[in-house]
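The chain contents come next:
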Amino acid sequence: MTDLATPMGEDERPLAGEYVLGVLDAAERAEAERRVASEPAFARAVQWWETHLTPLAADVASVTPPPSVWARIISLIEPARPTAWNNVRLWRGLTAAAGALAAACLVIVALPKAPPPTPVAPPVAQVEAAQVALINDPETNQARLVATLDRATGELLLTPVDMTMPEGRDAELWIIPEGQKAISLGVIPTTAPKRIKAPEGLKAEGLYTALLAVTDEPPGGAPTGVATGSVRAAGKFARA
Amino acid sequence: MDADTSRALLSRAIARVANRDNDALKYVYRHTSAKLFGVCLRILNDREEAEDVLQDVYLTVWNKADRFDPEKASPITWLVAMARNRSIDRIRARGGRVMAGVDEAEALPDTAPLASTVVETDEERLRLNGCIDQLDPKHAGAVRTAFFEGLTYDALAQSLGVPLGTMKSWIRRSLISLRACLEA
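One line per chain: the protein sequences are V and G, in this order.
Numbering-wise (the numbering used here), the first sequence opens with residue 1 and increments by one.
Numbering-wise (the numbering used here), the second sequence opens with residue 1 and increments by one.
Don't read these hints as lab results, they were simulated from the structure.
Watch out, some of these pointers could steer you wrong.
As the list claims (entries may be wrong) - Pairs of lysine to any residue, SDA-like flavour, derived with a Cα cap of 20 Å:
#1 Lys26(G) to Val63(V)
#2 Lys197(V) to Leu157(V)
#3 Lys72(G) to Leu56(V)
#4 Lys64(G) to Pro193(V)
#5 Lys64(G) to Val36(V)
#6 Lys72(G) to Asn85(G)
#7 Lys64(G) to Arg72(V)
#8 Lys72(G) to Pro166(V)
Said to hold, decoys possible - What the simulated footprint calls covered on chain V by chain G, stretch by stretch (three residues with Cβ under 8 Å from a Cβ of chain G suffice, anywhere in the stretch; the number is not a length):
#9 21-30
#10 146-158
This one's a predicted model, so the numbers in the text were calculated from it and none came from an experiment.
From the three backbone atoms N, C-alpha and C, an ideal C-beta is built for every residue, glycine too.
Next up, chain V with everything else stripped away, as it sits in the complex (with noise of 0.2 Å):
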């Protein structure tokens, strides 16, 4: 398009509008979902757009969509959760033990010497077979990572529940063995659940007095192995 050749400036040219407006073609179109993406003032230029021009949907008759759309949605997240290990409200429910364990988890941080965590009732059988750590976030309380240990194979698995990182970090996950030095077990991903194979010497009893923590880096994670950025969850390992 000519129009893209020899931009007007946006006093002349509202593109964002025409973007919103929805008169732009495809190749303008991508264009501009880059430029949303890339610079922030031209994004808020479309969300005002957004936010004066939708109104004019009040005039669209609403239709009730068939009951095969709700199905097919429900069908396709109801996967994403298909046992307790990953079901939020079960965790959720875990919430205020999980609170007072966290809680428990700073001290220990701070203090060698500290009580044994508190026990935290198993909330479905399989508990017995592998031991789960809620790593919360430290100021709300919030469960953001479930790990849970698979004694047959030697692995955890990482599920994440509700973990954002601030825009451009990465979320690596440490496991502190109680008196020693932050150990990085990588860069987590923060919306798909991971394996990872369970740290060497940290099996059984030694788990149970680790203390797992999230924490912020760089993309690719801390450069030196040392963590640098904030704490964004920690927890421990329940006895079953």
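Once you've looked at the hints, dock chain G against the given chain V.
Okay, now just chain G, sitting in the frame of chain V:
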């Protein structure tokens, strides 16, 4: 229920969706899907495609609810804008609907009953309509048709029977006038 209350309830439900609460998604769907389906159908003019886009919109809500900022946007604006964008992207992908009904070009937008729980406040609507009414009637018609149908400049020009350059100038001048009027 007044507009402020329904807006607050909807915002809270979206916040719960961010915590993977599918009952909250169901609440959002129950209160907004008819409006969003109407918006999609109006642009796509094809039930099957509108159903696909609607599904896509709520799956996006499920996955990206944490991006919704109630300080910056009203929940229904966020949802309708998403439904419009997905629908417009879809018709652009199928090559545009160039002959979008010459007959409907001059037709006025629907004035069907509003979904009482989700619409913007009357104040915002009245203000926008007041500003649109200050435009040249032909320009106002073009703006409304563009919004409801999601037509490109090209399709809009053909549909309303004016040269492309004229249509661009109508819409751009209208947008600049609207911005001044809405900011006043």
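To see whether the hints hold, each was checked on the structure:
1. Lys26(G) to Val63(V): Holds, at roughly 17 Å.
2. Lys197(V) to Leu157(V): Holds. Lys197(V) to Leu157(V) sits at ~9 Å (cutoff 20 Å).
3. Lys72(G) to Leu56(V): holds, 19 Å
4. Lys64(G) to Pro193(V): holds, 17 Å
5. Lys64(G) to Val36(V): holds, 16 Å
6. Lys72(G) to Asn85(G): holds, 18 Å
7. Lys64(G) to Arg72(V): With Cα atoms ~18 Å apart, Lys64(G) and Arg72(V) stay inside 20 Å; holds.
8. Lys72(G) to Pro166(V): holds, 18 Å
9. 21-30: holds (count 7)
10. 146-158: Per the Cβ count (0), the hint is violated.
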